[in-house]
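Peer 1: Protein chains in written order, with UniProt numbering: chain A, 1 to 382; chain B, 1 to 123.
Where hints are given, some of them may not hold.
[As the list claims (entries may be wrong)] When the alpha-carbon atoms are kept at most 25 Å apart in a straight line, the in silico DMTMM-like pairs for lysine to aspartate or glutamate are as follows:
(1) A:Lys84 / B:Asp45
(2) A:Lys307 / B:Glu4
(3) A:Lys307 / B:Glu58
(4) A:Lys365 / B:Glu97
(5) A:Lys365 / B:Glu88
(6) A:Lys84 / A:Asp305
(7) A:Lys307 / B:Glu78
(8) A:Lys307 / B:Asp45
(9) B:Lys34 / B:Glu104
(10) B:Lys79 / A:Asp313
(11) A:Lys84 / A:Asp21
(12) A:Lys178 / A:Asp141
(13) B:Lys79 / B:Asp42
(14) A:Lys178 / A:Glu221
(15) B:Lys34 / A:Asp21
(16) A:Lys183 / A:Asp305
(17) A:Lys279 / A:Glu142
If you are wondering where the hints come from, they were derived from the structure by calculation, not from laboratory data.
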Amino acid sequence: MTDRHSPLNRIHVAAGASFTDFAGWQMPVRYSSDLAEHHAVRTAAGIFDLSHMGEIFVVGPEASDALDYALAGKLSATTVGQAKYSMLLDRSGGIIDDVVVYRTGDDRFMVVANASNREVVAAELLERTSPFECEVFDESDELALIAVQGPRSREILVATDGFAIEGSHPDGRDVGEKLGELKYYRALSGSFRTQPVLIARTGYTGEDGFELYVSPDHAEELWNALTEAGTPLGLVPAGLASRDTLRLEAGMPLYGHELGTETFPVQAGLGRVVATATKGDFVGREAVEAGPAPDARTLVGLVADGKRAARADYEIFASDDSTDAIGVVTSGALSPTLGIPIAMAYVDASFATPDTVVSIDIRGKRLSYRVTSLPFYRAKKD
Amino acid sequence: MATENELQYTSEHEWVLVEGTTATVGITAYAAEKLGDVVFVDLPDVGTSLANGSIVGEIESTKSVGELFAPVDGTVLEKNSAVEDTPELVNSDPLGEGWLIKIEFTELPPLLSFDEYTALLGE
């Protein structure tokens, strides 16, 4: 597979980014310091290139019914401008992908999929929606995605010249007000200079922030304008390394780590995402209703003292001298914000109660971790 | 502090400064850059005997874990406690203040020159 490059690649190279392969894409892993980028998002703001994400549109008079059948959530209950976190389940109740769905019109939805799952999500949506009067378009190559995340995000968007929002004053004087009023998990159709932009108050960092969907041809211009306005306010470019530690602190699952086809949503603490009670048939319904095996593992947060971080795939034991694993770490790092090791892990249900002490094999040395509720970090509300 | 040319290297991305029978060991700028921000360093205690090629310590970043390999047979003379307290020295000055351990050795195995190491990176 040839490496794919983001439409913002030139900017990343000029900024001195280090790159990593992510689902076949060469994406910035960090620009200078992943810790500095992490802290900037917690205290001011960071700008991320997420153009590798997949955007698949489902459009037509029966689009909402089609998505009610294809996805775990009840998309027909959303209103225009609303975003909803959802999942594409398989017939066995496993998770093919977790997605954010934006309702951008009465008969129009944008399903945002993880880069690694773009093809399978597009193919499944096409197949699952075929009995309905709607069409599926994979527009992933026609859209770039820029996220501005952090407590100063709104200020930065307001300070950026060239935004207009549907229904706002032509001179842009009320853009700030409209952005301020935009609630979490809501989106606005707007424009940047002459280009349409979908402005969503969504993100994956545990901070306030916006995600901006724009044509690849205008992504550089938008990135540069945001950077110019944001730099004096503390905005820094941030790579995927900081994005991962930010989402981990916020207790947000990552596909391939906390979520996968072997996992039922309820095991990940996401049973609420599946609308079994409020809608009709959907793919995976029967399996979800039957539920996972009674002894299925469940997702927990873990914390420890010291600095040694448990990493993905490390085994978890009931005590330092036991040798039968009772769980496995799915993500772990030394938390940049909290200064202690944190991890997400699947453990046997009997070990999932907060304050249960477990033992993790960290490359041959055992270390005690304590079960805690998620998230590890919650942003202060102003 | 020695220049890049005066140091010798291993294929595990470590540098070795040989002075008499003492080898000072650290990781290269390339390795530090690949690791990302170093947040924890675990070094062997003074007096530990080391076998060439064995894993004797760890350098952890937010994203990953790097292993410290002993580049020679010998005994730990000194470890850099400044780096244990301030792991970011590995990033800010990998060839200087970010040194890791000093080893007393009797025999020096073949190591790479700067040019050989650079050629290795180019592959």
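Peer 1: Which hints from the list above does the structure break, by number from lowest to highest?
Peer 2: 1, 2, 4, 6, 9, 10, 11, 12, 16 and 17
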